[in-house]
Structure formats: structure tokens, C-alpha cells
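**Student:** Below are the chains, spelled out letter by letter.
There are 2 protein chains.
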Amino acid sequence: MKARVFVTLKPSVFDPQGRAIVEALHSLGYGQANDVRQGKYFVLDLNVASAAEAEKMAKEISDRVLANPVIESFTVEIDGAAK
Amino acid sequence: MKARVFVTLKPSVFDPQGRAIVEALHSLGYGQANDVRQGKYFVLDLNVASAAEAEKMAKEISDRVLANPVIESFTVEIDGAAK
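Sequence order for the protein chains is A and B. Residues in the first sequence are numbered consecutively from 4, following my numbering. Residues in the second sequence are numbered consecutively from 4, following my numbering.
Please note that the accuracy of each hint is not assured.
Pairs involving identical chains hold if they fit within one copy or between any two copies, as the list cannot separate such chains.
Derived DSS-like pairs: lysine-lysine, alpha-carbon spacing no greater than 27 angstroms straight-line [stated by the list, open to error]:
id : residue 1 : residue 2
1  : K13       : K43
2  : K43       : K5
3  : K62       : K13
Note that these hints are calculated values from the structure, not bench results.
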């Protein structure tokens, strides 16, 4: 079962990488780029039987290992289906 | 218009970060984790009128700035709708 995890900085946290990308885009002529937020993306291949189990495990793993809950939030999707 | 961009290493490229995460998960008791691939995730806020235009621009930006086409591939989704 594949789980996709997206980890992003919380909206209130300043994202200097994203700002740098916006500035690079403006200097390349993409003036329409208002804002960019950078995050991390993980594809977990889990050996579990059900989507519910995969979701539970992916959320636990995200909370414990992949994200820093103080400044980051995460979203989990199982097998391409938005949860 | 929001575009979500996922950049991942091509399947043939070895992903040492992902391997390190798998080993960390195993040592934490998540033996069901077969494989992990780590990538980058970007949320672009583009000031364009149509979804088609947003998709075109996001793909161009991904190819030129966000991904290294030699070793990485990318996927673009507009406003939560898979393209």
C-alpha cells in the first residue's frame, strides 16, 4: 500500500526557501508568481492489508519521524485517494 | 490559482535519504515499511486566469527551476485536481 505524505511549514512560519524561489522566478520573468511555499514529499511503501491501517501508520510515522510538529503540518493520502 | 508540484528522484536513481528513513523506521519498530522515497513539494500561487495557463506555467517553472531533469521527474496538479 502506497502512502503519500506532504510536509509543509505551518502558514504562520516564514519560509525563506519559498521567498528565494519567488525572487528567482521574478528575475526570470515569471512576475505572475505571487508566492511559493516549499515542503517535503514522501512516498511510503507499507506492507499492510488495508487502506485504514496504512493511513493510521503513515500518520503516526509522519508525526514521529517525518515532520516537526512544532513548525510543520502534514497531510497523508493513500493510493492517490485524498483523505 | 494554486499549483502543487511534486519533484521526485527518477526510479532508477538511488535515494539515500529514503533508505536512511526506512532504516530509522525499522529501528523504531515499523517493520512494515518496505520503501521510502523522499522528494520535494512546492505550492505555487500564480496570478493567472485559467487552470490551463497555470498548468503550463507551473510545468515550465518546474522544468527550469524546481527540478533537475537529469535525475528528477515532476508532477503538477492544479487546485487539487489531478492532471
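**Student:** Taking the hints in turn, state whether each one holds.
**Tutor:** Against the structure, the hints come out as follows:
no.: 1; hint: K13 <-> K43; verdict: both (13 angstroms within a copy, 16 angstroms between copies)
no.: 2; hint: K43 <-> K5; verdict: both (16 angstroms within a copy, 17 angstroms between copies)
no.: 3; hint: K62 <-> K13; verdict: both (17 angstroms within a copy, 25 angstroms between copies)
In the structure shown, no violation is registered for any of the earlier numbered hints.
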